[in-house]
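Colleague: Each chain, written out:
Number of protein chains: 4
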Amino acid sequence: MGIVLGANEYGKAETRLVRVDREGDRHTLHDLNVSVALRGDLDGTHLTGDNATVLPTDSMKNTVYVFARRYGVGQIEDFGLRLARHFVDSQPSIGAARVSIEEYGWTRLGPHSFARDGGETRTAVLTYDGRESWAVGGLHGLVLLNSTDSEFWGYVKDEYTTLPETRERVLATAVAASWRFGTVPDDWADTNAGVRADLVEAFVETYSRSLQQTLYQMGRRVLENRPEVVEVRLSLPNRHHLLVDLAPFGQDNPNEVFVAADRPYGLIEGTVLRDDAPPAGLAWW
Amino acid sequence: MGIVLGANEYGKAETRLVRVDREGDRHTLHDLNVSVALRGDLDGTHLTGDNATVLPTDSMKNTVYVFARRYGVGQIEDFGLRLARHFVDSQPSIGAARVSIEEYGWTRLGPHSFARDGGETRTAVLTYDGRESWAVGGLHGLVLLNSTDSEFWGYVKDEYTTLPETRERVLATAVAASWRFGTVPDDWADTNAGVRADLVEAFVETYSRSLQQTLYQMGRRVLENRPEVVEVRLSLPNRHHLLVDLAPFGQDNPNEVFVAADRPYGLIEGTVLRDDAPPAGLAWW
Amino acid sequence: MGIVLGANEYGKAETRLVRVDREGDRHTLHDLNVSVALRGDLDGTHLTGDNATVLPTDSMKNTVYVFARRYGVGQIEDFGLRLARHFVDSQPSIGAARVSIEEYGWTRLGPHSFARDGGETRTAVLTYDGRESWAVGGLHGLVLLNSTDSEFWGYVKDEYTTLPETRERVLATAVAASWRFGTVPDDWADTNAGVRADLVEAFVETYSRSLQQTLYQMGRRVLENRPEVVEVRLSLPNRHHLLVDLAPFGQDNPNEVFVAADRPYGLIEGTVLRDDAPPAGLAWW
Amino acid sequence: MGIVLGANEYGKAETRLVRVDREGDRHTLHDLNVSVALRGDLDGTHLTGDNATVLPTDSMKNTVYVFARRYGVGQIEDFGLRLARHFVDSQPSIGAARVSIEEYGWTRLGPHSFARDGGETRTAVLTYDGRESWAVGGLHGLVLLNSTDSEFWGYVKDEYTTLPETRERVLATAVAASWRFGTVPDDWADTNAGVRADLVEAFVETYSRSLQQTLYQMGRRVLENRPEVVEVRLSLPNRHHLLVDLAPFGQDNPNEVFVAADRPYGLIEGTVLRDDAPPAGLAWW
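Protein chains in written order, with the numbering used here: chain A, 234 to 518; chain H, 234 to 518; chain X, 234 to 518; chain P, 234 to 518.
Bound-form chain A, shown alone (with noise of 0.2 Å):
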């Protein structure tokens, strides 16, 4: 028997950035929070500390810097992917990087105002190996809530089930969502708009008998329109509004008056894929 060392991986996390483009007096912004991760060849640190083959997360940081400079940051797939690529092809002890980016949005009040969009947060995972490289977007804090059209019924009963079936509830959820790229779109910025798009129109237009039926219809409702994405990925807390008994106080309730409950809170996850999606490789790391 013997103890060894196995998966691991390290880097700089949460480097934030925020890059202003100058063309002349009209401004545009990039506010990103980037998290760099390495894999390859680091027992010498584990095991000796022997740092030979660590390249200090410090450095990662002002690489993420220097290239805002260099190369602007554009669309953050490609900033991603630059820095990713960047760190495996001069490593020669690293194999694998992954590079997490956080965008958020802004909007524009002026030439060089802005104001930032609140809750949602894009997301983008750039993954390369030496070889091959992935590309998974992503959304969270995307909160939506259709007023009607979900019900709930035909479920298991158990001797702990109290829970009445209901043909009318408030369905919300707080959407996280990635997605998986098989080929590189024509425009990241436009893809994703358009798989946020997609989700937010199958939450929107589908009747619900379940949060589990959205979800599907959610990540099928992307497949269908977006080529280029082969695999939806998405984890859909059920922020349950509960209906407020008012019965005692001599009122009736029709579906108007709700608490809107922190905790507990159904958790659905679930994944819709093409059945020909090609292998995942690193892309979900």
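Source of the hints: derived by calculation from the structure; they are not laboratory data.
It is possible that some hints are incorrect.
Copies of the same chain look alike in the list, so a pair counts if it works inside one copy or between any two.
Once the Cα atoms are required to be at most 25 Å apart in a straight line, the calculated SDA-like pairs of lysine to any residue come out as [claimed, not checked]: (1) K390 to D291; (2) K390 to R496; (3) K390 to S441; (4) K390 to D283; (5) K390 to S326.
Only a predicted model underlies this, so the values are computations on that prediction, with no experimental measurement involved.
Chains H, X and P: place on chain A using the hints.
Modeller: Relative to the frame of chain A, chains H, X and P by itself:
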């Protein structure tokens, strides 16, 4: 020498209420976080545990839900004032009530579908003492940024000052604002939307030599445009965007690449008001 | 009618400082979050952007670090007061300074190893106006629970009251406390530890008929035991532990199984003070 | 080409349970956050909204509370495994269940009084697939710091490296650890306390040339001392403590005054395991 009970209050905080108004197929959503605080003759419960003058905080919660059903929510100032009046007028032992409301905005996606607006929150604080009432509108989480037209120089240099003067910097802040009403406006929502627009426009249009200067202009703009508002309080964190030194890498950085720093941050707080503003009374409780 | 600048202040918030004292091989740690706020003649910067009376907040941050090196941190009340005095005494335009400090505790694991204490935070607020100084000690995040010896009955029942009276409930709260000093104690740490012990013991030992009663006893206990403290302010959320109704499952629930609810919560706030306490002046700013 | 449903699961997350055990006057407290996830034949609900195989997440919540009353909580591994077995054994459509538990510690203050331990949280993940079960213990939020005995040098220097080598630095991290059991220990609590002690002692006693080296020693120490544990996974953020440059103020800084930085941070993640560890199966789900 004796030990005495000083100022005190109690109430139910953070009652989460979602009200769906159903007019045929087209629904409207009110999403609130309601906190109630009461003052009055509460010596008994503090000194001896005699609760004869204590309305349970659970009853306050119930009242919020019942009133939402009975009267609807409408504008949060009306809803809050109705609640504040109710507690004082129905409880002989209660001398004053404050109802603080956060409202979370939702963007319509369809007749009964919505996406929650992130980040920014509307607030209202309604206070009533049995004779007089006060209304304070507000917002927080409005993050604004100017990528130019901001300078900072001519300041005190003491022995601990190393900050270089600058004629060009990024100015960013998360606005927390409260505005006291001198009179009841024709339409609360209309006025509050106008105040928000004034704050944003003043931020955008002010060529700034200090965040204090911007703060003052924001408050002034509101008072100039909104006769019903008599006082504006602003709390503006200076969200520093630090220029990255790229010289070690042989690059300049002409105000393009910044670190968005978390901490520490400057914190600028100030009040702008009319010189004939009526006394604030319990407005700020 | 005119528009005027009202009360205002500015400063550097949340400067994170860790000070390692090395006496031979045995180290000591001070882990602080320091916020500075200044008031004074600041009309220029607000009204015209003239910063001639503005000490940059960056210089305040530097001062915190320099003072930590030069004088050590020692007890945070001494450290904070030294800083407050410095800003007022060295800047003619500044009339008053407030230094607010959070201290995070660490438990010693070895001569130079430590584990951070979670949850609870010590605080101190030191204020100086050029002539007089004020000290307020405090803590927050101290979560206490009694699993019995708590009742709640005999309260007002209005038409919205459904809460059943109880002679047996769980009482839990997260204590946020501040205590104003009338005189400088021999040893700040000693007094503050004593106040904490008083608060905890009074919570534990009070047979409670309301959280207000417990609050008063907590404040009273401090004032009885600590002559140097003249006023105690307490903010006590009532962290409801709701008895789960297990009757649908054929089980009783003799005060054994509870839901720890997030929201809403009761919020009980009160002051206990000496009837001969000196005026608070700027103690509470 | 077709679109298909891939991996999916659902359950109730974050059911907050407080269990008071009353043995005469001396009470014991269990404070848990329980999350259940189920996998199985869930095509119907996803594809057509047919919920015939769906046990409502509300029933899972009820089961948690009923089991807490009926069996007590005891050790969370036993409690979690009992729940996992129940869901799989009672629901023909469910193939596997995972019960994840966070336990919040409380320090006894008296026979029925407690103070909540802050920061650190114990975790357990119990998985069952109808034939086999897996147990993973864990903790997170354990913040450790060595103020010396940490170096970092001999690393790769690329064109973006500016970090100076050091033979003396502060090393701090917030430990998130999970350990997989190969066999059921005699006493879960005893083993878990032992693992925690091993992690802490290895952190304290390792003279560190990289956080990776410390990570490996932490995992190794556990495996050496705990035959029932076969694999340890560690996620260690490097909480940078940056030495403040006091030279502009004419002062040196002999490793005394540091900025505790929020972001970015290094993130070191690794697994240490026995070379004869049995397959992980669903242990990590």
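Colleague: If a hint holds in the structure, say so; if it does not, say that too.
Modeller: Hint by hint, here is what the structure shows:
Proximity of K390 and D291 under a CA criterion of 25 Å is satisfied inter-copy only: 11 Å between copies versus 56 Å inside one chain copy. Taking identical chains as interchangeable, the C-alpha atoms of K390 and R496 lie at most 25 Å apart only when both belong to the same chain, with a minimum of 22 Å there against 29 Å between chains. Taking CA atoms no more than 25 Å apart as the test, K390 paired with S441 passes inside one copy only; the shortest distance there is 20 Å, against 42 Å between copies. Within a single copy, K390 and D283 get their C-alpha atoms only as close as 59 Å, which misses the 25 Å cut-off; across copies the closest is 14 Å, which meets it.
In this assembly of identical chains, the alpha carbons of K390 and S326 lie at most 25 Å apart only when taken from different copies (13 Å versus 56 Å within one copy).
Taken one by one, the earlier hints all hold for this structure without exception.
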